[in-house]
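Starting from the known structure of chain A, fit chain B onto it as the hints suggest.
Here is what each chain is made of, one letter per residue.
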Amino acid sequence: MISRVIKKMSNKQKIIYSLIIVFFTLLIVVGIPSLAKYKNNNSLINTTAWDGSIATSYSAGTGVEFDPYIISNGAELAYFSEELKSNNYLNTYFKISNDIKLNEGRLIYDETDGIKYILNDITYYVDFYTKNYYDNVDKTGNIIGTVNLFNSLNNFKGVLDGNYHTINGLYITSETKNELGLFTNLNGSISNLYVTDALIYGGIYTGGISSTATDSTIKNTLFDGYVIGRNTSLNNNLNVAVDIPAITSFNTSNIDIINNNPLYSSVINSTTITGNCEIIGDAIVKINNNIITNGTFNIDLGTTLLDNITITTLKNTEDSVSVTFINVTYNISYNYSVSAGIVANSKNTIIKNTINKGTINSEYVAGGIIGITNDLNTISNTYNNGIINGNSISGGIIGVIEKNSNTSTLEKSYNTSNIEKTNSGGLIGAVIDTTNLSISNVFDDSITSKVIYLENNSNLIISNAYYTNTSGIGNNSNFIITTSNNLKNKDFLTTNLSLNEFISLEDLENNNDNAWTFINNEYPILFIDDIMTINIDSYSWNSLKYVLENYQIDNSITFDIRSLSGLNTEKQIYYYLNTSTVPLSTDELSNITSWTEYNNAVQIGLTGQYIIYAKIVDDTDITYINTDLITLDLTGPTININVNDNTWNTYSNNPSNVYLDRGTSATISAIDLYNEVDEIKYYITNNIIDIATINLNNFISYTEPLVIDTKGNTIIYVRSTDTKGNVSYANSSMLVYDGYSIKNLEIGMDPPSYNETSYNITDKSIVSINTNYSNSGNNLSNITHNLISNILLPVNTAITVIDNVNTKVYKFIIPTSEDIYGYNSSCEELNISCKRLATYPFTLFKEVGTNNADKYFVESDYNTNNSINEDFTILLDFSNTNILDNYLSASLYLELHDSTGLTIRPTLYSEIKSFNLLKNSDNSNTYATLNLSTDTELQTINLNNNSTTNINITSKLIYKTYYLNNIIDTKYENENMGLLVKLVDSSGNTINKDYIKNIRFKIDSNEYYPTSDNLIRINLNNGINDTTKVLSIIVDEDNTTLPSGNYYFKISNYVSYDGEYYDNLGNDEITIPAVIENNNYKNKYSFDVFIEDENRILSKTNPSTNIKLNIIEKDLNNPNIRVSLYQKDNFTAYDQNYSLVDLQNYVTNTLNSSLNKEYNIFTNMVQYDGTSNTYNYFELNLDMNKFNYGGYRLVFDLYDGNKKVETIDKNFIVK
Amino acid sequence: MRLKYKVLIIIFAVLIATFSAGITYSMFRSDIKLNSDDQKIAKFVVNAESLDKLNISLVDLVPGSSKEYNFSVSNTLTTNISDVTIQYELIIKTYHFVPITIELYKIEDKNESLILDCNETDFKRNELNELTCKSNKYELAHTNTNMDNYKLKVTFPIEYNSLEYSDLVDYINIELNSSQK
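For the protein sequence lines, the chains are A and B, in the order given.
If you number the first sequence the way my numbering does, the last residue is 1215 and the count never jumps.
If you number the second sequence the way my numbering does, the last residue is 181 and the count never jumps.
If we strip away everything but chain B, and leave its shape as in the complex, we get:
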């Protein structure tokens, strides 16, 4: 028998605005920009208007490793399109069947601050049994900062290096709940 320690994680990351039918393409076009080394990871286009264009990224994650997914929430700054002030919060939903840690960092001036540790202790499951972790509300002011940078860090602790953790499946869903202020 061959042990498979490869953990298949499906990150089903979606930025869904609660007003999904009305987000302008222009405002949220830029969405997630990655500085990650792994360009192949989480290169999804966020477009709440067109859900069928959501991208699914596969990641191989093995015990003892971690992956970081950088993304940003921003307005597109073009010559034509000005910004509006957005108030938003990030929501992580996961079944958490894989013993990984899920941490969300906000990156400001190259400093990272942990804003959300999505664990079963601090957060509850919803009616779909999803572990639902909600960030504080942030504001994207049109006058200055036009982009908020985040890093989602997923870590598979080395101690779970046993057969029972092979071929597990999980997903992480990130929702952006935003509104014009």
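Just chain A, with the same shape it has in the complex:
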């Protein structure tokens, strides 16, 4: 039919179905076996404890090999026990399908307190041979409860497969039964079974698995718990019937009874020979030299055991004599018991892959695997690490082998338990009357007194047998001394002891000896052992270690935590990964709260060093185990590329830009935490590259720092490998050697004014820089412009920023002397890590040229055309500062920062210039001075005569110097020099221009005259350059109107913007004497009122204003002057009418009233002599609040007596 179906398929269908079949085949072949290794690994089964009931059937099965009875819980196990009372289940198959918990609590035995039952962390005390427990060690008072007592599985002749499940909490006790064990009188096959937390108390033959086993097989079995043999009232009687043949000849004959003696180490109470003897005739009959007579006899032999019975008959007569023994019995009364972890009394039984971890106590004989045997078969792949306490004799594997003549084997077994009792053998307590015992591939690593305590009348064939305790060789020299380390070394164990490694349960089916697992520095253990291990690859750990070795794992770390066989345990498992290389103590581990519940194998894929901890929680116990230090190195070396303060150690395909302001170098290093760095190579380019496509040949071995001194883009790619071949890449950011350019630092605002090679300025001067930057391919946002200065600019420094691209001007005046600009004043000057740089963000700068007073510099993103074009002029004006210290090597430049404050555009370092800002002080006057001098010999000028006097005048601006270089004082920038000439009288008073109309002043053919302030100003029109001019003073004698006397021409120089009205007047003065010998000066009648110009425009905002009036008069007999005030009627020039108002109402001083709102001001006149000394001085204190905006007129009337002589009007404006 299948072939027909195939025929109907298309080729495509055939391919598809074939692939499906191949897939499932692979799944079966590969997947299932690999899963099998972890069978039951996740087996945290919380089995419900047996309630003490007895089931009425098994859960399934018919008892045949392929359909065994299934025992799934305690009740069914109890049912099994019940059924055995009537059925020995010969050739019947059983299988356990679950872990079986027979008691909720845990049973513990100790010598002091007896049997303890720990339930929910409370300790109870179980009365011996009962199931009752109490809350006190004296077991008085009320019974608190009962434990589940299990009846041994007696007389089992079938096959039980434990299916690697556990029978936990087994409690068996009896005061009367001689045999106690999970099984008693076993005659079947037991395999794949854990019996844990068991406690068996009592019995003479007491075994963890079975009390006695005859012709049985026990495989793949572990026992852990307590086997405590009965310790009271042991009294056995051995009554051996002695078959004495009929006496046919009278002599002495021996009847061998040795094999009927009790087993070795029994304590003999008494031995007797009893029976009945019929003696017919005259004969002397002796049994062991004890004469017996006809009838019954009872020969007391004391405590001597007999090897044989000696019958001696003597015939005293020739007559027929007959001697007949009836019911002769060799009677031995003795004490004796045997306990063992697996089988107390083994007969022709195979024990394989079996472990005892329990505590075995016996009054007489104790053995880890077997108590006593006189018919040993094979013990293979076993070990004991439980406590063995036989008061008479103990053996780690076997207590006593006695009277064993069949070929038997003890192989691939070991003991590591230190048996403290006397008469102990690490492997065997005693071998007596035994031949053909082969012992091979065994070891004892304990401080037990001897490997085999007693060899008596035996023949042992020993090979590959090792021991470590030099005092423990016993009588057998065939054991080989070795070390514990060897016995924990896999190579040694597999080579010298032929221990075969466990591969899988499947493999074990066919290769029963492939049962061993080797753990680092631990004794080998059988796969059946329930030791929890952390496993990584071929490594396993099963203890908490504090001295750790280092293991390197090549790929990822995959660890699992399981029992050796990967079989089920009733344990909760947690793990904790610690990256510290220091192992944690138990206390530290107990405080960790971040344990992770373990479910499946865990993979670690990150490079690092780990110690893996496991916490195994059994019912009441917590066990910690850890691995050694596991190193996983999957990554290449850590690369460090260092440029200035920047470090890169990763690869980026989208590197950012880092701007360099000067040439520098790059150093590269690499470290590998767990291996050596094999090589470091670099590739330097100006483009971003994809590391995946780069040709490895481009990389060059790194030997020395890389010089980066070319303006433009540079990016460094680094490839490093470690000695394991792990590769790592890293690259720098794009190193952009670019930034703002600065034209030369300029002094003043009009740099061509100065051609100084050094930059010294006074503390009232101005410096400026022009900085620009242009670049394309940028897209910048959230940027800030920052003015950087290596000095904390003094308070009141006026900073002007002129944006020449956007034609904007901004200004900021330093408002404080406090360090609020990040200058780090407190830094030491030489501390490189603490730079003293003040930062002045452009956003502080207020835009000028706008009516919006709060408009500040606005930062803009460069994201439109991706190009930057900036050109700023920055002026620092120190005019209004008060500098107390010199600022030497001060510099100023621009930086562009990103939103984090990182500099993304520096100013090229090579273009930063510095200047010295020098304070002015009494000790160090730094300000420039005006100097005026003449080389002409000065002669007195006679102002009566026509004359021309030529004087060479030299005007200079002289800078102070600092270390021989000029200190530029820019306050003179764009100024012009001028000469100021005046004529003064002998008292120093300036002569009014009206009196010197006969004098002209001439330079370069231009003539100059006094201006309204009587001063002659001569603009030299030469800027501030040194100037020498010829000043001609030309006198025309006719116009002299001054009185005779001595006069002086005073010549000064000054600078001002226009060269006319001086801003700064020099201190030098040239004095030229003049004289008038004959004058034609005549005093004139006069009356005039002078008012200062500034008093002609008065402001109402000045609440009190004084008008100062200088009044002259002359040649009147009775002069007096009156004043009155008029207000302009209309606001127009075309109506000049004024109205009289009362002056007193507009002034605060009290006036001397006259008539008609006129007020007298002077009556005593001063004779005017042509100088201001003879002015009458008069002052009006105006109350400006009384005035309106508009025009006013003061009218001064000169009276001579009551006659008005003249009127003078003086107009002023109130605004």
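Since the hints were derived computationally from the structure, they do not count as laboratory data.
Hints are not guaranteed to be accurate.
Said to hold, decoys possible - With the C-beta cut set under 8 Å, the calculated list includes, among others, these residues of chain A facing chain B:
no., residue
1, A49
2, I1097
3, A1133
4, I1213
What the hints assert, rightly or not - Rough simulated footprint, nothing fancy, chain B against chain A, three-plus residues with beta-carbon under 8 Å:
no., stretch
5, 86–92
6, 268–277
Ideal Cβ positions, reconstructed from N, Cα and C, are used throughout, including at glycine.
Here is chain B on its own, set in the frame of chain A:
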């Protein structure tokens, strides 16, 4: 009695920018440059930052005469300092108590154009009773012209040659109201 026809005019010419606190010295440094014959007149330095440096010029003006005051508004063109575009207007304030005509001319390529005739007919007085005459707005572009030249012409008509016009006082205040564009 002596007739005095001398008219005292105080030209209190101030270029005050409305942003007086913020004008950079550099930009407005050049301000007024005179081509007038009379070098003594209106040689004031405009410096809005430092009002105390304003100069006052006196002028004697008599009926029948006129005076011209040339000045310019400019940026300083230096090697360091570039220009910005300025928008400005000129404002003349006067009480106009003297019967003078006040005319403001803009000079371009030697051609003069009257841009402002400050008279009582066309302009009003402010709250201070000042006659306030405001020019149109002009722009100083940074790209080309860096200086605008002006002439203020003050004329004292001959017909006011009478005693009542003697010793009059007036002032002319020129303000520059400017801003960066």
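Ascending list of hint numbers which this structure does not respect: 1, 5, 6
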